[in-house]
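Undergrad: The lines below spell out each chain.
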Amino acid sequence: MYGFIAGLISGFFGAGGGLILIPFFSKFLKLDAKTSRATAITIVLFLVISSSFFYLKNKAINWDIAAFCAIGGCIGSFIGSKILKKSSSNFLNIIFIIFLIYSGIKML
Amino acid sequence: MENLLFGVIAGMGAALGLGGGTILILLLNFFTDIKQYEIQGINLVFFIPASIIAIYVNYKNKLIDFKIAKKCIFIGIFGSIIGSFLASKIENSHLKRYFGIFLLIIAINGIYTFISQYKNKKNSQNKNISKK
Chain H
1 MYGFIAGLIS GFFGAGGGLI LIPFFSKFLK LDAKTSRATA ITIVLFLVIS SSFFYLKNKA
61 INWDIAAFCA IGGCIGSFIG SKILKKSSSN FLNIIFIIFL IYSGIKML
Chain F
1001 MENLLFGVIA GMGAALGLGG GTILILLLNF FTDIKQYEIQ GINLVFFIPA SIIAIYVNYK
1061 NKLIDFKIAK KCIFIGIFGS IIGSFLASKI ENSHLKRYFG IFLLIIAING IYTFISQYKN
1121 KKNSQNKNIS KK
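Residue numbers (our numbering), protein chains in the order written: chain H, 1 to 108; chain F, 1001 to 1132.
Treat each hint with caution, since some may be false.
Here are the simulated SDA-like cross-link-like pairs (lysine to any residue), alpha carbons at most 25 Å apart as the crow flies [unchecked claim]:
| hint | chain 1 | residue 1 | chain 2 | residue 2 |
| --- | --- | --- | --- | --- |
| 1 | F | Lys1067 | F | Phe1085 |
| 2 | F | Lys1035 | H | Lys34 |
| 3 | H | Lys30 | F | Lys1060 |
| 4 | H | Lys34 | H | Phe4 |
| 5 | F | Lys1062 | H | Phe24 |
Bear in mind the hints are in silico, worked out from the structure with no lab data behind them.
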């Protein structure tokens, strides 16, 4: 059921499936934080591929911008995984929550 | 060039497990005038290579629970097809607003998790004291 909801969200918003799956894994399936994140990202990859077909069909993908973002993303995820070892996850979570509240309100 | 920078920031977010896709969508929303639906499409393309790198590292570290992953992928694909279909039918400004609501829900859940973690810590500390 959670898989279905995660899929629905990730197709609808093009993101966010992982944000649904991670708390579910850690709360109900009692997976540890790292396993939850790793499993969630694996699932989301497949969901993203399947919704990409739809966006492709609707010609909703701007390849010029997307290519740059994708290259940047690879560099960023490499740097991020290095930082992850050094920083406290509580601190990161607090910043992220503040960021979410601010931008959530701004989007309304 | 700035798109590259957005990608770097979002990629860092993704690697830290904060929801890189969400970050990219917000950055593009605030700093460009691309439509929400188109932004979501860009985000999908961004996510595939970035996540493959992360999955490869996680796979090597044996952090992925494939049993659970298989079940969720199978059911989740149905969800994502329905979700993508709905997104293509909805007006741009509405889609943006729904995304805002979704972010607030995630934030509230995050705060709730924090409070319960804090309570658990306190409880276990109290238990330790009473044992002594």
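Undergrad: Output the indices of the hints that this structure fails to meet, ascending.
TA: Of the numbered hints given earlier, those the structure breaks are 1 and 2, listed in rising order.
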